[in-house]
Amino acid sequence: MIRIALKMLFGDRGKYLMLISGITFATLLMAQGMSLFCGLMSWTFSTMRNVRVPIWVADPQVEQCNDNKPMRDTDTTRVRSVDGVAWAVPFFQNLSMARMQDGTSKMITLIGLDNNTLIGAPTKIIAGRLEDLRMPNTVIIDDFGVQRFSESRDHLIGVGDVFEINDREARIVAICETHRSFTGGPYVFTTYDRAVQYAPGQRKMLSFVLAAPQEGVSAEELARRIAAQTGLAAFTHSEFAWSTIMWYIRNTGIPINVGTIVIIGFIIGAVISGQTFYSFVLENTRHFAALRAMGASSGELTAMLLAQAFLVGFIGYGTGLGFVSVLGINLLKLGKVPFLLLWQIPAVVGIAVMVIVAISAVIGIARIVRLEPAIVFR
Amino acid sequence: MGTSLGIRVQAVNKSFGRGEARTAVLKQTTFSAETGRLTMLVGPSGCGKTTLLSIIAGTLHADDGEIEVLGQRLDQMKSNAVAKFRAKNLGFIFQQFNLIPTLTAAENVSVPLVIQGHPYRYAEKKARDALAWVDLADHANFRPAKMSGGQLQRVAIARALVHDPQVILCDEPTSSLDSENGQQVMELLRKAAAQRDRMVLVVTHDNRTYRFADRMAEMEDGRILRVLDTQEEIRMHHPLGE
Ligand SMILES: Nc1ncnc2c1ncn2[C@@H]1O[C@H](COP(=O)(O)OP(=O)(O)O)[C@@H](O)[C@H]1O
Ligand SMILES: [Mg+2]
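Line order of the protein sequences matches chains E and S.
As numbered in the working numbering, residues 1 to 378 make up the first sequence, in order.
As numbered in the working numbering, residues 1 to 242 make up the second sequence, in order.
For the record, the hints were derived by calculation from the structure and aren't laboratory data.
Even glycine gets a Cβ: it sits at the ideal position worked out from N, Cα and C.
Among the clues, some could well be false.
[Stated by the list, open to error] Pairs of lysine to aspartate or glutamate residues, derived as EDC-like cross-links and limited to a Cα-Cα distance of at most 20 Å, are as follows: (1) E:LYS7 x S:ASP63; (2) S:LYS146 x S:ASP178; (3) E:LYS106 x E:GLU164; (4) S:LYS191 x S:ASP164; (5) S:LYS78 x E:GLU177; (6) E:LYS106 x E:ASP143; (7) S:LYS88 x E:ASP12; (8) S:LYS125 x S:ASP178; (9) S:LYS146 x E:ASP12; (10) S:LYS88 x S:ASP178; (11) E:LYS204 x E:GLU372; (12) E:LYS106 x E:GLU177; (13) S:LYS191 x S:ASP129; (14) S:LYS84 x E:ASP143; (15) S:LYS84 x E:GLU372; (16) E:LYS204 x E:ASP59; (17) S:LYS27 x S:ASP178; (18) E:LYS204 x E:ASP193; (19) S:LYS146 x S:ASP164; (20) E:LYS106 x E:ASP161; (21) S:LYS78 x E:GLU372.
[Unchecked claim] Away from chain E, derived, C-beta distances all over 10 Å, residues of chain S: (22) GLU20; (23) ARG37; (24) GLU66; (25) PHE85; (26) ASP164; (27) GLN183; (28) ASP197.
[Stated by the list, open to error] If we take Cβ atoms under 7 Å as the criterion, some of the chain E residues that face chain S in the derived model are: (29) ALA366; (30) VAL369; (31) PRO373.
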């Protein structure tokens, strides 16, 4: 019976393609929306992804990693004195303006790393040497920075080239790869002391204290201790990442905007597919009734409709996901576009598509099962 | 050739609609038909022929009365059991052919066997045999849209016979056809009825086909008024087939 059902469906090419495109479109919109959302959310804690350390200590009012409420310099020492701390180093972060030699300015995210240890330094150096950061007036920029800073030059900026941050010289000694920041500018890494000099004069400069637990102490446990003893806010990596994401969810229109895309995708998919499937069922009512008259049971007819609906669902879902992947690959090539196709997204979208398909099937089944087979004689 | 009661309908009532709009279509209708014969149920349009046929087929519930087909009381069976019974014992021919347009002739004919759970290959092989029987072997891979009305009704006959049911129920099988195709269809039905244990019940008001009947029940306003038991009697009461 299933084979007959599928032949009925394939034979009606117009409806069949319509159904598949409905599901494809829904899959595309939902997956794209969710990938956009996840991409944007992953950008919000890029600094943390670039500077991977177990514990972030911040001013008690800080909730997310792009927030800057400077602490006192002595706070680093206070954190070091907490039992179980393996190391604790100062960390500087702010938004600054970089001025190119041709006079143009670009916004950057300036990062200052502990002078001695360079803890949190970029791990993927693609040109130059990290150690050269110990030389005077030196910085490391990321590959995005190379693009940005080269915009008005005839050849790409690179190791050895010079620009200015707040009228002070910054000489590039290395290029690294980073995760793109939410705030838009490229990352520029330097030492803590130099970062403080680059930044326009402020009394307090310490953005975060980075710390790690000694062996045998969990990051969670140590974060609790630091918070309790210093009165500062202390997070593990994942706590701070989630806190950051939740802050953006609460304080920006991103979830609503993206949520709207996803819901529209779901509704469009449900309406197109439900509608088309129902009209397919309506048009085939006589044939279903004839099958019933010839002795097909309600269960068999239900199985036929489910097979039809789910087949369309699978094909449409696959096609949609294919489109999203192709789109995503091309977007990522373009850069600057938030797109993160977590494995959970296909799963969630798959479930949504199954819901759409099930709704369509149930509408059809409700009609077919109540069908008076006697109508075939009319 | 021995005959026995294949269909027995006893004092069946059937009304449609509710309240004021309620109209009785079958009124204490009693009817029977024997195996080995082609029985015709004739009468003016709207007298209740299709309704009676649907009740015999078990696709419509009577309000009351007894319906017995091949010794089984359909009115006392659960609907799934009736469906099973239909799948095994009944073959249908409809006025509108009711072939599935996206299936080939052979696939359409194989449907009753597939419903009974036979494998597709067996069903299709049987379907081709049945198509050969109605002289359409060369049309097995045609879709309905590519066939004429007469051919479609022959495909429908092949479908009604493919699973070798004992009872063939036909509702106005010739009324969508011209007289030549109508004659051909009736001849095939005759041939089908001529087999032992097989019975054909044809509902019609197409008097050009009366000469194919072994027996005729005349219906009017929900009741069987008269039964003509032989072709001679039929010819006497309907000379020139009117
Ligand atoms: N499902 C139904 N609902 C309401 N009235 C019906 C229904 N089926 C048949 N009827 C009515 O019952 C009467 C007999 O119909 P039918 O059995 O089709 O007659 P025939 O086949 O002899 O032309 C007609 O008046 C028709 O309008
Ligand atoms: Mg009728």
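Hints versus structure:
no.	hint	verdict
1	E:LYS7 x S:ASP63	violated (38 Å)
2	S:LYS146 x S:ASP178	holds (18 Å)
3	E:LYS106 x E:GLU164	holds (10 Å)
4	S:LYS191 x S:ASP164	holds (13 Å)
5	S:LYS78 x E:GLU177	violated (72 Å)
6	E:LYS106 x E:ASP143	holds (14 Å)
7	S:LYS88 x E:ASP12	violated (30 Å)
8	S:LYS125 x S:ASP178	violated (31 Å)
9	S:LYS146 x E:ASP12	holds (16 Å)
10	S:LYS88 x S:ASP178	violated (32 Å)
11	E:LYS204 x E:GLU372	violated (82 Å)
12	E:LYS106 x E:GLU177	holds (19 Å)
13	S:LYS191 x S:ASP129	holds (16 Å)
14	S:LYS84 x E:ASP143	violated (72 Å)
15	S:LYS84 x E:GLU372	holds (16 Å)
16	E:LYS204 x E:ASP59	holds (12 Å)
17	S:LYS27 x S:ASP178	violated (34 Å)
18	E:LYS204 x E:ASP193	holds (13 Å)
19	S:LYS146 x S:ASP164	violated (27 Å)
20	E:LYS106 x E:ASP161	holds (16 Å)
21	S:LYS78 x E:GLU372	holds (15 Å)
22	GLU20	holds (22 Å)
23	ARG37	holds (22 Å)
24	GLU66	holds (19 Å)
25	PHE85	violated (8 Å)
26	ASP164	holds (14 Å)
27	GLN183	holds (23 Å)
28	ASP197	holds (19 Å)
29	ALA366	violated (17 Å)
30	VAL369	violated (11 Å)
31	PRO373	holds (4 Å)
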